[in-house]
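Could you put together the complete structure from these sequences and hints?
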Amino acid sequence: MFGGFGFDMLSKLTGKKFSVSAVRVKKFCATTQFDSTKAHNCGFKAPYTLSEGLHNTLHYEFIDKNKDGITFESD
588 MFGGFGFDML
598 SKLTGKKFSV
608 SAVRVKKFCA
618 TTQFDSTKAH
628 NCGFKAPYTL
638 SEGLHNTLHY
648 EFIDKNKDGI
658 TFESD
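Just so you know, the sequence shown maps onto residues 588 to 662 in the working numbering.
Take the hints with a grain of salt, since some may be wrong.
What the hints assert, rightly or not - The calculated label-pair distances, taken between Cβ atoms and stated as ranges, are:
#1 E639 <-> L600: 40 to 50 angstroms
#2 S623 <-> D651: 23 to 33 angstroms
#3 D595 <-> T619: 16 to 26 angstroms
If you're looking for bench data, these hints aren't it; they were derived computationally from the structure.
No residue lacks a Cβ here, since even glycine has one placed at the ideal position from N, Cα and C.
As structure tokens, this is what we get:
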């Protein structure tokens, strides 16, 4: 968190925006776990298992050659 605050202070002093901030560090470190019990109790059936989804995503984004030429990009 302190690194994020350091960038916030540096941003105020220089007037420049940095991609690292206290808010981003806090979001990155936060727990992002959700309870899916209600969805499963209503009859929801996931089209893929977690393992299959990760496998497909990794292959599409990073391993296999994509026809569209688009690779995952972040800000």
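- Earlier hints that do not hold, by number: The structure breaks none of the hints.
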